Structures are given as structure tokens and as C-alpha cells.
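Top line first, the protein sequences correspond to chains A and B.
Residue 1 in my numbering sits at position 1 of the first sequence, and the numbers go up by one each step.
Residue 104 in my numbering sits at position 104 of the second sequence, and the numbers go up by one each step.
Bear in mind the hints are in silico, worked out from the structure with no lab data behind them.
Quick caveat, the model's predicted, so the values are computed rather than measured.
Be aware that a few hints might be false.
Stated by the list, open to error - For each label pair, taking beta carbons as the anchor points, the in silico distance ranges come out as:
no., chain 1, residue 1, chain 2, residue 2, range
1, B, Val130, A, Ala131, 37 to 45 Å
2, B, Ser38, A, Asn201, 44 to 52 Å
3, A, Ala131, B, Ala156, 48 to 56 Å
4, A, Thr41, B, Ile145, 54 to 62 Å
5, B, Arg195, A, Arg22, 17 to 25 Å
6, A, Glu205, B, Ile141, 53 to 61 Å
7, B, Leu137, A, Asp37, 35 to 43 Å
8, A, Arg22, B, His160, 49 to 57 Å
9, B, Phe127, A, Ala131, 24 to 32 Å
10, A, Arg92, B, Leu137, 34 to 42 Å
To be verified - Heads up, incomplete: computed chain B residues facing chain A, CB under 10 Å, no partners named:
no., residue
11, Arg200
12, Tyr202
13, Val203
14, Ala204
15, Glu211
16, Arg212
17, Arg215
18, Glu220
19, Pro223
20, Asn224
Note that beta-carbon positions come from the ideal geometry of N, C-alpha and C, so glycine has one too.
The chain contents come next:
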Amino acid sequence: MTTREPVGEPGLEARRLVRDYRIRSGLRTSTLHAVADVSFTIRPGRTIALVGESGSGKSTVARILSRLETTTSGGVLLDGVAAPMRGAALERYRSRVQLVFQDPFASLNPFHTILHHIERPLRIHNPRMSASEVRSRAHELLERVQLTPSSRYADRRPHELSGGQRQRVAIARALAPGATYIVADEPVSMLDVSIRLGVLNLLAELQRSEGLGVLYITHDLATARHFSDEILVMYRGEIVERGDADTVILNPQHAYTRTLLDAAADPDRLGRLREEVRRSQ
Amino acid sequence: MADPRLPAPPAEPLPTSAVATERIARASRVRTLLPSMSGKLLTGLVIVGVIVLFGLVAPAFVQDPRDSGNPALLPPGPDHLLGTTKLGYDVFAQLAWGTQGSLFVGLVAGVVSLLLAVVFGVLAGYFGGVLDEILTLLTNIMLVIPGLPLVMVIAAYVQHTEGLGPLARSSFLVALVLGITGWAGSAVVLRATARSLRTRDYVAASRVAGERPLRIIFVEILPNLVPLLAAQLIFGVIFAVLGEAGLSYLGLGPTGSITLGTMLNDAQTGQAVGSGAWWWFVPPGAVIALLGAGLSLINFAIDEIVNPKLRLAPQAARRQRKARRAGRGIADDGAFA
Ligand SMILES: Nc1ncnc2c1ncn2[C@@H]1O[C@H](COP(=O)(O)OP(=O)(O)O)[C@@H](O)[C@H]1O
Ligand SMILES: [Mg+2]
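Please model the complete structure; the sequences and the hints are all you need to start from.
Given below as C-alpha cells:
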């Protein structure tokens with residue numbers, strides 16, 4: 001333990017992230033700035049919401065943080081140390097930073113049991129753990145995400161579970177390596193409206209009890225305000241507004257934030273919508 | 001708390017059917033991989049099953065297929081069910097052993113070519129980049145070289161290589177040659193599938209979990225390809241059985257063992273057609289044709305499962321015909337729109 005790398009202040013930092021994609025349409029190629037100069041730092045025990053409409057580059061940020069995607073420039077730092085892209089260092093990084101995918105119907109392997117999905121990360125990141133210990137840890141994790149009794153779910157396969165249950169499995173999988181930072185990419189947008197809050201409450205409860213740092217990606221300002229300390233509003237690859245959650249919602253500065261708020265909460269619009277619904281019945 | 005009056009944000013669509021999958025059944029792992037029974041599948045399985053059973057069991061009950069003590073060129077009769085050859089061999093005995101030999105060649109070659117197709121196709125598709133370029137180049141070269149001539153050249157070359165001893169003209173070696181030349185088509189199919197599976201979320205998720213690439217390929221991806229792999233294996237077996245028959249017919253087949261191909265070759269050199277001894281060449285030809293047809297039927301059935309569009313095609317066609325008869329246009333029919 002004497003040759004430890006220099007460690008900065010604890011936190012998962014995105015520093016000036018840029019990600020360009022080459023778009024080829026016919027003979028012409030153009031450049032799409034999916035992420036253009038995005039910076040923020042997730043601190044342990046805190047939640048940052050990254051809000052923006054579809055296509056604004058949120059998932060690209062999530063994939064960069066979870067090292068599925070390279071950057072054009074800029075980088076990710078964990079406790080002040082540059083995040084690696086390969087090798088044993090990447091494995092160590094992954095034991096601390098995990099991703100919950102948007103679509104729980106696509107993120108679990110249809111061939112494998114629920115237990116497999118939890119046991120694999122446990123095995124990979126605890127090579128010395130005995131098989132029985134891995135199994136009991138996996139069952140603990142399933143109970144931890146309220147899939148109780150765990151024995152009812154362990155041997156099932158993903159298609160036998162509902163969307164909400166699957167997303168809980170995905171959360172347990174993210175916790176399995178012992179992660180302290182969780183990137184949740186629109187974790188409830190594919191779920192039935194009635195079960196969204198349950199999954200978000202679970203994430204919030206885990207975040208508090210384990211002191212996790214969470215990046216909560218969403219297009220929904222209401223849950224962003226409720227579940228996070230800080231809000232970043234992203235538009236076309238750029239952060240156009242950032243600040244304390246209440247401040248951003250109550251006193252939006254940028255026109256785009258106001259549009260998002262209007263789209264979500266405008267009472268007139270809501271009234272009109274209700275009227276339309278009533279007439280259509 | 002989130003304001004319950006807020007309407008749901010208008011972003012990503014909700015899957016409707018999937019949420020309803022609350023029904024919990026304990027289906028075993030194998031059960032869900034099995035294709036559902038269709039007429040095609042059943043017919044194919046019966047044909048292939050009977051031939052395989054014949055090849056496995058019959059050789060134990062027939063006389064020595066190289067017993068030349070029988071009268072020559074007997075037509076089918078009670079003593080010799082399918083008659084005898086010019087050298088007095090019992091055709092039924094030859095057919096039993098020949099079926100076994102051909103199935104052996106087909107299976108070995110099929111497995112060899114499937115393994116090569118997995119290596120060249122799946123690795124190329126999954127890793128991409130320079131490895132993909134190299135493997136795809138090799139695949140394409142194999143693809144454009146005409147199959148049978150290449151097999152003939154290799155077979156002729158191998159058979160005259162010193163030092164191989166009794167292996168030189170064994171059916172095992174012929175099977176290897178056929179396997180080595182028959183994988184390219186499957187590799188192309190597997191590469192395309194691996195490329196599309198590579199971007200699936202569950203593959204990305206296992207990368208995030210820390211899985212190594214080879215483990216991802218063999219544990220996370222390949223099990224989901226079992227129907228496709230089965231189809232490719234069957235394709236490989238058909239190719240090899242026909243290829244072996246072709247080689248043997250040209251006199252480049254195995255000499256030590258009896259196959260359906262060597263039977264045909266014997267019939268040809270013994271001028272079976274000229275002497276009207278149809279019982280000598282019709283049975284092996286019929287078994288080859290039936291085996292090819294049965295395997296193809298199974299393959300079609302698997303294809304329909306892997307590619308549900310094919311299952312809808314006959315229905316859509318029927319609907320179209322009905323609609324046309326009814327004198328209505330069906331331009332906006334949903335099946336393929
Ligand atoms: N692999 C890729 N190749 C090309 N363009 C991409 C790729 N991934 C994402 N994009 C583009 O980058 C933009 C941002 O995408 P994404 O990060 O998925 O947005 P969000 O998650 O906010 O909906 C979109 O315009 C998308 O089309
Ligand atoms: Mg997204």
C-alpha cells in the first residue's frame with residue numbers, strides 16, 4: 001500500500017467532456033457534437049440530475065462515464081485520478097462506478113437467470129470469494145432491492161419479470177461490484193407510470209444508506225427536483241443551466257429550462273390536456 | 001414528492017405488452033430454446049431421424065458389405081433386399097454402411113466448419129477494427145473461390161502427401177477438407193449477427209460489469225445464437241454430405257470406408273446404368289436426396305423462428321390474395337409497412 005497513486009478530493013469528475021460523431025449522409029460528412037464541453041463533479045452522498053430532452057447527449061455522457069465510449073477531448077477523473085479505458089485499472093474503476101441502463105427489457109441477457117446477472121459482477125470483483133459466499137451475497141442484494149423473497153426471483157429469467165422488477169435487478173447488478181458511484185440513465189422512462197416512483201424511491205433510499213454518489217439522468221424536471229441536490233440542464237450537448245435543484249426549478253434563467261418547465265407543468269396546458277382527454281372519451 | 005398532477009413527460013414511449021408480463025412460469029432453459037413444432041419441422045425431423053437411425057442401427061444387422069461371395073448383379077429379391085452389385089456385394093448392406101459413412105463425414109465436416117465460422121464470423125463481428133478487416137478478407141477469399149474445385153485440389157493434394165499413412169484417404173480426412181472449405185457462408189451470417197448483438201444493452205452491461213471479451217462472446221452472446229448456430233450446422237452437414245458424394249463420384253473420396261458417394265462411384269465405374277442395374281445407384285441417390293430435403297426442412301423451420309418475418313409472410317400473402325379477390329386495395333396493410 002506504499003505505492004498508492006495520488007488521490008485528490010473524493011468525487012467522480014467529468015472534465016470538459018467533448019464527444020463528436022461523424023455523420024455520413026451520401027457523399028458529405030458532417031460532425032455532430034453529441035457532447036460539447038460538459039463538466040461536473042459527483043460527490044459521495046449527493047445526487048446530480050442531468051435533465052434534457054431526447055437527443056441532447058445525456059446517454060453519451062453516461063456511456064463516457066461508464067467507459068463504454070471514448071471522448072474526443074476532455075476526460076473523467078475518479079478521486080482526481082484519470083479514469084482508464086482498459087486493463088486492471090479499468091476493472092478497479094468499474095468496481096466503483098456503475099451504470100443502470102435505461103431499458104431494463106434490453107439490459108438483461110434473455111438467456112441467463114437473474115442470479116447469473118448478480119453473481120457475475122460479484123465473482124469478477126471478488127475473485128477470492130467462495131461460491132457459496134457469492135450466492136448468499138447475491139441473495140442479499142436481491143433482498144436489498146426489494147425482490148423478496150430472493151429465492152422466488154433468483155432462478156427466473158428476465159422475461160418472467162415485470163419492467164419494474166427487472167430494473168431492480170439492474171440496480172442490484174450495479175451495486176454488486178461495491179460501486180460508490182451510480183450513473184442511472186433514465187432509469188424509469190421505460191416503466192409503467194404507476195411503478196416509477198417505487199423504483200426512484202429505492203434508488204434514493206440506497207443512495208442515502210450507502211452514501212452513493214448518483215448521476216440521475218432524466219427528462220422529467222419534477223422528479224429531478226425531488227430526488228436530487230443539483231440540476232444540470234443539457235441542451236444539444238451543452239449544459240445551459242446549472243444550480244441548486246430548487247433554484248433551477250423556481251427561478252429558471254435559461255429559455256430552454258423555461259420551455260422544459262412549461263411543457264411539464266403549465267396549468268393551462270394541463271387544463272387543455274384534461275379537456276382533450278375528456279372530449280376523446 | 002413529485003406532483004401527481006403533472007402529466008407524464010412526453011418522451012420515450014412506454015412498452016405496453018412487456019409490462020404485462022407479470023405471469024410467472026418456471027419454464028426450463030431448454031424448453032424455450034426449442035423451436036415450436038410446425039409441419040415443416042416435424043416432416044424434416046422424421047425424415048432425418050429415420051435416416052440417422054438406419055445409419056446407426058442397420059450396419060449391425062446386415063451381412064459384410066464387401067462379401068463378394070454372392071452372385072453378381074442380382075435384382076432385388078428375398079435374399080438380397082436391394083440386389084447385389086457387379087462384384088456381388090449386397091446393396092442393402094452397402095447402403096447401411098454408406099449411410100453411416102456419409103453421416104459421419106457430414107457431422108465431422110459440419111462441426112469443423114461451424115467452429116471455423118464462429119472463429120471467423122463472431123470474432124470479426126464482435127471485435128471489429130483491424131481484426132475484422134483481416135478475418136473478413138479471408139472469409140471473402142474463401143467465398144469467391146469455387147467450392148468443389150478447391151476441395152478437389154486439396155483432396156487430391158492431401159491424398160498424395162507422403163507420411164499421412166492410412167489417414168491419407170480416410171473419410172475423416174475428407175470430412176476435414178470439406179469442413180475447411182465450407183465455413184465462409186456461415187461466417188458471413190454470424191458476423192452480421194454478432195455485429196448487431198454487440199451493440200445490445202445486455203452486452204454493454206456485461207462490459208460494464210467487468211466481463212472479459214471472450215467470456216462475453218461465449219457466455220453472453222453465443223447462447224442467444226443457438227438457433228442460428230443449429231441452422232448453420234445443418235447447412236454445413238448438407239454441404240458436406242453432397243460434397244462428399246461429389247468427391248467420391250469423381251474418385252477423390254475416401255477409399256477405406258463406404259459412403260453413399262463411394263457407392264455411386266462404384267455404380268458408375270461398374271456401368272450400372274448401362275447394364276440396367278437401377279437398384280445399385282437409385283438407393284444411395286435417394287438417401288442423399290432425402291437427407292438433404294429433411295435437413296433443409298429443419299433449416300427452414302429454424303429460419304422461421306429466428307426470423308419471425310418469414311412466419312408472417314404466408315399469412316400476409318394469404319390476406320393479400322383474399323383482399324384482392326374482394327376487390328379492395330390493401331396498400332396500407334400493416335404486415336410489411
Ligand atoms: N454511436 C453514435 N453514432 C452517431 N451518433 C450518435 C451515436 N450515439 C449517439 N449519437 C447522437 O448523439 C446525440 C445524443 O445522443 P444521446 O446521448 O443518446 O442523447 P439522449 O440520451 O439525451 O437522448 C443524438 O443526436 C444521437 O443521434
Ligand atoms: Mg438517452
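Consistency of the hints with the structure:
1. Distance hint check: the CB atoms of Val130(B) and Ala131(A) are about 39 Å apart, consistent with the given range 37 to 45 Å.
2. A hinted range of 44 to 52 Å for the beta carbons of Ser38(B) and Asn201(A) is consistent with their spacing of about 47 Å.
3. The hinted window of 48 to 56 Å between Ala131(A) and Ala156(B) holds, with their beta carbons roughly 54 Å apart.
4. For Thr41(A) and Ile145(B), the hinted distance range of 54 to 62 Å is satisfied, since their beta carbons lie about 58 Å from each other.
5. Checked against the given bound of 17 to 25 Å, the beta carbons of Arg195(B) and Arg22(A), roughly 18 Å apart, stay inside it.
6. In this structure, Glu205(A) and Ile141(B) meet the distance hint of 53 to 61 Å, their C-beta atoms being roughly 59 Å apart.
7. For Leu137(B) paired with Asp37(A), a C-beta distance near 40 Å keeps the hint of 35 to 43 Å intact.
8. Our hint of 49 to 57 Å for Arg22(A) and His160(B) holds, since their Cβ atoms are close to 54 Å apart.
9. About 31 Å separates the C-beta atoms of Phe127(B) and Ala131(A), a value consistent with the hinted range of 24 to 32 Å.
10. With their beta carbons about 37 Å apart, Arg92(A) and Leu137(B) fall inside the hinted range of 34 to 42 Å.
11. For Arg200(B), the shortest C-beta to C-beta distance to chain A is roughly 6 Å, which falls under 10 Å, so the interface hint holds.
12. Below 10 Å, beta-carbon pairs count as interface contacts, and Tyr202(B) has one with chain A at about 4 Å; its hint therefore holds.
13. With a cut of 10 Å, the hint placing Val203(B) at the interface with chain A holds, because the nearest CB-to-CB distance is about 8 Å.
14. Taking 10 Å as the C-beta contact cut-off toward chain A, the hint placing Ala204(B) at the interface holds, the least distance being around 6 Å.
15. Because the smallest distance between the Cβ of Glu211(B) and any Cβ of chain A comes to about 7 Å, under 10 Å, the interface hint for this residue holds.
16. Interface hint at Arg212(B): satisfied, since its Cβ lies 9 Å from the closest Cβ of chain A, which is below the 10 Å cut-off.
17. Interface restraint check: Arg215(B) against chain A, minimum CB-CB distance 9 Å, threshold 10 Å, status holds.
18. Restraint check, Glu220(B) versus chain A: the minimum CB separation of about 6 Å is within 10 Å; hint holds.
19. Interface restraint check: Pro223(B) against chain A, minimum CB-CB distance 4 Å, threshold 10 Å, status holds.
20. A cut of 10 Å between beta carbons decides the hint on Asn224(B): the least distance to chain A is about 5 Å, and the hint holds.
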